[in-house]
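**Student:** Chains as they are written, first to last, in UniProt numbering: chain A, 1 to 326; chain L, 1 to 431.
Treat the hints loosely; a few may be bogus.
Residues from chain L that face chain A, not an exhaustive set, calculated with beta carbons under 7 Å [unchecked claim]:
1) 194
2) 195
3) 199
4) 201
5) 205
6) 272
7) 317
8) 318
9) 319
Hint data in this document are derived by calculation from the structure and do not stem from the laboratory. Yeah, the Cβ is synthetic: ideal placement off N, Cα and C, and Gly gets one too.
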Amino acid sequence: MKRHLISAADLSRDDAVLILDTAEELARLADRPIKKLPTLRGRTVVNLFFEDSTRTRISFEAAAKRLSADVINFSAKGSSVSKGESLKDTALTLEAMGADAVVIRHHSSGAPHRLATSGWINGSVVNAGDGTHEHPTQALLDAFTMRRRLASGASGVGQDLSGRRITIVGDVLHSRVARSNVHLLSTLGADVTLVAPPTLVPFGVESWPCDVSYDLDAVVGKSDAVMMLRVQRERMNAAFFPTEREYARRYGLNAERMARMPEHAIVMHPGPMNRGMEITAEVADSDRCTAVEQVANGVSIRMAVLYLLLGGNEPAVTAARTEENQ
Amino acid sequence: MSDTNKTLLRGARVLGGEPQDVLIEGERIAAVGTGLDADGATVIDAAGQILLPGLVDLHTHLREPGREDSETVLTGTKAAAVGGFTAVHAMANTFPVADTAGVVEQVWRLGKESGYCDVQPIGAVTVGLEGKKLAELGAMHESAAGVRVFSDDGKCVDDAVIMRRALEYVKAFDGVVAQHAQEPRLTEGAQMNEGIVSAELGLGGWPAVAEESIIARDVLLAAHVDSRVHICHLSTAGSVEIVRWAKSKGWNVTAEVTPHHLLLTDELVRSYNPVYKVNPPLRTEADVMALREALADGTIDCVATDHAPHPHEDKDCEWGAAAMGMVGLETALSVVQHTMVDTGLLDWAGVADRMSTRPSAIGRLTGQGRPIAAGEPANLTLLDSAYRGEVNPAGFASRSRNTPYEGRELPGRVTHTFLRGRATVVDGKLA
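Take these sequences, add in the hints, and give me the full structure.
**Tutor:** So this is what it looks like as structure tokens:
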């Protein structure tokens, strides 16, 4: 593994499969009465959040704590950052406090890259979502969820997603989730199709390793997984689409469309869902929708990432047991 | 500053031609020939070096008044001299904005006092660069600064009526409006060129069409009211096509390109290093090639630096928070040699035309951009074109260091610059 996780594009197939397999191993912990491993005892993980995201932050926090790391939450709101402190000075402060890993969420695309490459800090940097660039742990937990649901036997350990057809629907232009998923899923061998109104497809998408369609009905029947992206209602005011209703009709997933999906196919959503916009309540609450499962899987994936970045070079749970015995 | 009496440049290749001697006496060139008698003159061995008319920059941000932490008229003109410039046009986006006779005269006077190169202030087109109300263009023209070039650079004069009126109004005193072509609505939140790279990086796109649509409108407006329009920092292949078409119609349209748009592409933004953040943004390889070709064939009239100094902290941060702009005065000639001369696209006479004669003509400067001949003002730049060296911003005369070329090897080094006979640079160092 590399020292940082900035972009899903930096992961090789083997890197990605290793993370998924490690997460699978760690996921078994969740079934134990005591969900804690001593693996990262004495290490410090900082959650550096310049943007509000309670869901992602508590997921990373739970992951770090289950590995016994010390967790410091640094939220930009109400801190010196809102008084004009620069990213650099914040980073130097964290470095002085001895952060072994910095999990960063930032509104500016590239901020984690900058943090990792500018020499401000020595610890590992984990991108927890930057602007409209990437959100690699989200893509990993999505891939993990797909592999578990779609693989033939044994949760798919050791396998990739070869030949699986994944459809990602919605506001691709503004979505860091979509960017990370396109990279990771194609690395794992899946065939990815993006579906969106043309206004929400990035100019320059032709270089991406995926297909693009403007017609959800044309691809929904051939998908092993349909991932619905959150669409902000405000986009309507910038003329990306005329009305919520038109968007929901043309690009929303409703029961009728879901019924045309193959029997084994799943519906995914990174959350939070806009019920009635990109997804109807009926679909969101159906047992084909993995939204809640994705949240649980997120903790396992983030445990795996922190474990591997902070120096784990043997299977996580085995390593923990060895340490327990010492 | 050295003595201004007599200097003999021995064996200089005038505009890259055969070696000749050039004798400078007082403020003028006294003689050009072979085997000239030194006769008490300071002799400079210029063997093998290229002699050009002093360079003229149509687009310089000197930052004074208001942002003296990034540059002053004095430090900016020192940087200009080191880069071989003998005249710069100081852009109007200062604090306060150069939209009154008082501010342009202040800048003009600071230029006189600096003594390193001529400073010709540019006046704002609209009050406060806000695009709403014409600034007192006539007053700025009549002031001691004698303003003829007007620009809201940094912002586009996007209102078509204001642009039309400005183009018409400046005809009364042979003025020109220099347009920063950027359709504001199409570039809201823009961070870099809109294309394959922006799609991957998730940075807001600055589409080529935002530049091209304004240029198309403005060349039509200039033709309609029979006035002069100058297009700042052309950056796309499409803009080149529009300017080429406008010139083919015989319209009074001129254009500039920056050195960085002749060399750098948006691929560099993949580093998220804000040193590559500039407005208009770095474009694609195809755009770079089209710009070089257009500069070579004269569609683009001149190279202008868009020298844009910024303090360190405004670049030592994440991309989104960083300021746009690059310093350029001290590397401009090297980049032009690298991209245009060493590639065979332009000879040294062509460089003199695009970096001195034509920008001087667009700005209606007198005594700059003149031929190298007896009786002409001795505004001269001597270049060691055989030199190769890495760019080291620590040695810049500019107060700012935001160069995209740090550590990059570039050819050519200005060894001497003369401003009306007086050396401002000697052996590559400020006199």
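**Student:** All hints are to be evaluated individually against the structure, with a verdict given for each.
**Tutor:** Here's how the hints hold up against the structure:
1. For residue 194 of chain L, the interface hint holds, the least distance from its beta-carbon to any beta-carbon of chain A being 5 Å, beneath 7 Å.
2. Given hint, residue 195 of chain L at the interface with chain A, holds; its Cβ is 5 Å from that chain's nearest Cβ, closer than 7 Å.
3. Satisfaction of the interface hint for residue 199 of chain L is found here, the shortest Cβ-Cβ separation to chain A being roughly 3 Å, below the 7 Å cut-off.
4. Annotation: interface hint on residue 201 of chain L holds; nearest CB of chain A at approximately 6 Å, less than 7 Å.
5. About 6 Å separates the beta-carbon of residue 205 of chain L from the nearest beta-carbon of chain A, less than 7 Å, and the hint is met.
6. Restraint check, residue 272 of chain L versus chain A: the minimum CB separation of about 3 Å is within 7 Å; hint holds.
7. Contact between residue 317 of chain L and chain A, as hinted, is supported at the beta carbon level, the nearest pair being about 6 Å apart and thus within 7 Å.
8. For residue 318 of chain L, the suggested interface contact is upheld, since its CB lies about 4 Å from the closest CB of chain A, less than 7 Å.
9. A cut of 7 Å between beta carbons decides the hint on residue 319 of chain L: the least distance to chain A is about 5 Å, and the hint holds.
Violation of the numbered hints given earlier is absent; every hint is satisfied by the structure.
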